Amino acid sequence: AQSVTQLDSQVPVFEEAPVELRCNYSSSVSVYLFWYVQYPNQGLQLLLKYLSGSTLVKGINGFEAEFNKSQTSFHLRKPSVHISDTAEYFCAVSDRDNFNKFYFGSGTKLNVKP
Amino acid sequence: GAVVSQHPSRVICKSGTSVKIECRSLDFQATTMFWYRQFPKQSLMLMATSNEGSKATYEQGVEKDKFLINHASLTLSTLTVTSAHPEDSSFYICSARAGQGSASPLHFGNGTRLTVT
Numbered sequence: 158a159q160s161v162t163q164l165d166s167q168v169p170v171f172e173e174a175p176v177e178l179r180c181n182y183s184s185s186v187s188v189y190l191f192w193y194v195q196y197p198n199q200g201l202q203l204l205l206k207y208l209s210g211s212t213l214v215k216g217i218n219g220f221e222a223e224f225n226k227s228q229t230s231f232h233l234r235k236p237s238v239h240i241s242d243t244a245e246y247f248c249a250v251s252d253r254d255n256f257n258k259f260y261f262g263s264g265t266k267l268n269v270k271p
Numbered sequence: 190g191a192v193v194s195q196h197p198s199r200v201i202c203k204s205g206t207s208v209k210i211e212c213r214s215l216d217f218q219a220t221t222m223f224w225y226r227q228f229p230k231q232s233l234m235l236m237a238t239s240n241e242g243s244k245a246t247y248e249q250g251v252e253k254d255k256f257l258i259n260h261a262s263l264t265l266s267t268l269t270v271t272s273a274h275p276e277d278s279s280f281y282i283c284s285a286r287a288g289q290g291s292a293s294p295l296h297f298g299n300g301t302r303l304t305v306t
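For the record, the sequence lines run as chains A and B. Sequential numbering from 158 applies to the first sequence in the working numbering. Sequential numbering from 190 applies to the second sequence in the working numbering.
Simulated from the structure, these hints should not be mistaken for lab results. Careful: at least some of the hints might be erroneous.
[Unchecked claim] Capping the alpha-carbon separation at 20 Å, the derived lysine to aspartate or glutamate pairs in EDC-like fashion look like this:
id, chain 1, residue 1, chain 2, residue 2
1, B, Lys230, A, Asp242
2, A, Lys215, A, Asp242
3, B, Lys230, A, Asp254
4, A, Lys206, A, Glu173
5, A, Lys258, B, Glu248
6, A, Lys206, A, Asp252
7, B, Lys255, B, Asp216
8, A, Lys270, A, Asp165
9, A, Lys258, B, Glu276
10, A, Lys226, A, Glu172
11, B, Lys244, B, Glu276
12, B, Lys203, B, Glu248
All values reported here derive from a predicted model rather than from experimental measurement.
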């Protein structure tokens with residue numbers, strides 16, 4: 158089974174500053190990678206995904222993530238955050254060989270301060 | 190596209206009663222839907238995989254008689270919390286994949302906040 162590790166449970170950052178949310182997974186073999194955002198009392202919204210090809214993927218709201226196979230990482234970045242980016246962010250891994258297996262990290266709360 | 194609608198968004202019920210939560214895929218067919226439970230400040234915990242036309246597959250530790258899942262059509266799955274107790278209070282989220290392969294992302298409903306008094 159895969160495991161997904163989000164090292165930071167909370168990340169405080171000032172508005173307009175850059176941010177990186179870290180995500181590591183147990184194996185780079187046969188996986189697809191995703192980042193989701195969750196606003197309070199809502200479901201999860203897909204930010205971006207890595208399936209194949211270029212290791213740098215761009216998503217919605219100005220976010221991007223880079224797939225690093227050697228480090229088994231898929232860190233999420235944004236060069237300048239807004240107050241509205243305050244939310245919980247989840248990294249997720251899909252098992253390529255098992256349609257029903259989707260693994261989530263524990264989440265990182267991004268708190269953007271004015 | 191790929192919208193998942195979940196209803197109700199909030200429900201308050203008395204201990205001992207049952208509550209039904211609906212999950213619909215609005216613009217795609219979903220042979221498989223997933224039900225998650227989320228505790229405050231925690232990640233999502235997969236409860237069960239709902240399969241259209243057959244029995245749901247429950248994760249270890251989830252009581253199948255307490256959390257009844259029915260997937261009667263390709264666009265509707267329901268989760269019924271039977272004889273609810275205060276410890277069942279939680280945020281329940283359903284999801285589905287619009288595509289057939291593992292590359293297709295999960296699309297989520299907006300969740301249901303269940304409070305059992």
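Going through the hints against the structure:
For the hint linking lysine 230 of chain B to aspartate 242 of chain A, the alpha-carbon distance of about 17 Å falls within 20 Å, and the restraint holds. Restraint check for lysine 215 of chain A and aspartate 242 of chain A: satisfied, since their Cα atoms lie roughly 16 Å apart, inside the 20 Å limit. Using a Cα cut-off of 20 Å, the hinted pair lysine 230 of chain B and aspartate 254 of chain A is violated, with the two alpha carbons roughly 30 Å apart. Taking the CA atoms of lysine 206 of chain A and glutamate 173 of chain A, the gap is about 24 Å. The hint is violated against a cut of 20 Å.
As the CA atoms of lysine 258 of chain A and glutamate 248 of chain B are separated by approximately 12 Å, the hinted pair is consistent with the 20 Å bound. Under the criterion of a C-alpha separation no larger than 20 Å, the hint pairing lysine 206 of chain A with aspartate 252 of chain A is consistent with the structure, at around 13 Å. Between lysine 255 of chain B and aspartate 216 of chain B, the direct Cα distance comes to roughly 30 Å. Violation of the 20 Å bound is thereby established for this hinted pair. Pair hint lysine 270 of chain A plus aspartate 165 of chain A holds up; C-alpha atoms about 17 Å apart against a cutoff of 20 Å.
Restraint check: the Cα-Cα separation between lysine 258 of chain A and glutamate 276 of chain B comes to about 27 Å, which exceeds 20 Å; the hinted pair is violated. Note on lysine 226 of chain A and glutamate 172 of chain A: the hinted pairing is violated, with a Cα-Cα distance of about 31 Å set against a maximum of 20 Å. Only pairs whose Cα atoms come within 20 Å are accepted, and lysine 244 of chain B paired with glutamate 276 of chain B is rejected, the gap being roughly 25 Å. A distance of roughly 26 Å separates the Cα atoms of lysine 203 of chain B and glutamate 248 of chain B; the hinted pair therefore is violated under the 20 Å criterion.
In the structure shown, a violation is registered for the earlier hints numbered 3, 4, 7, 9, 10, 11, 12, in ascending order.
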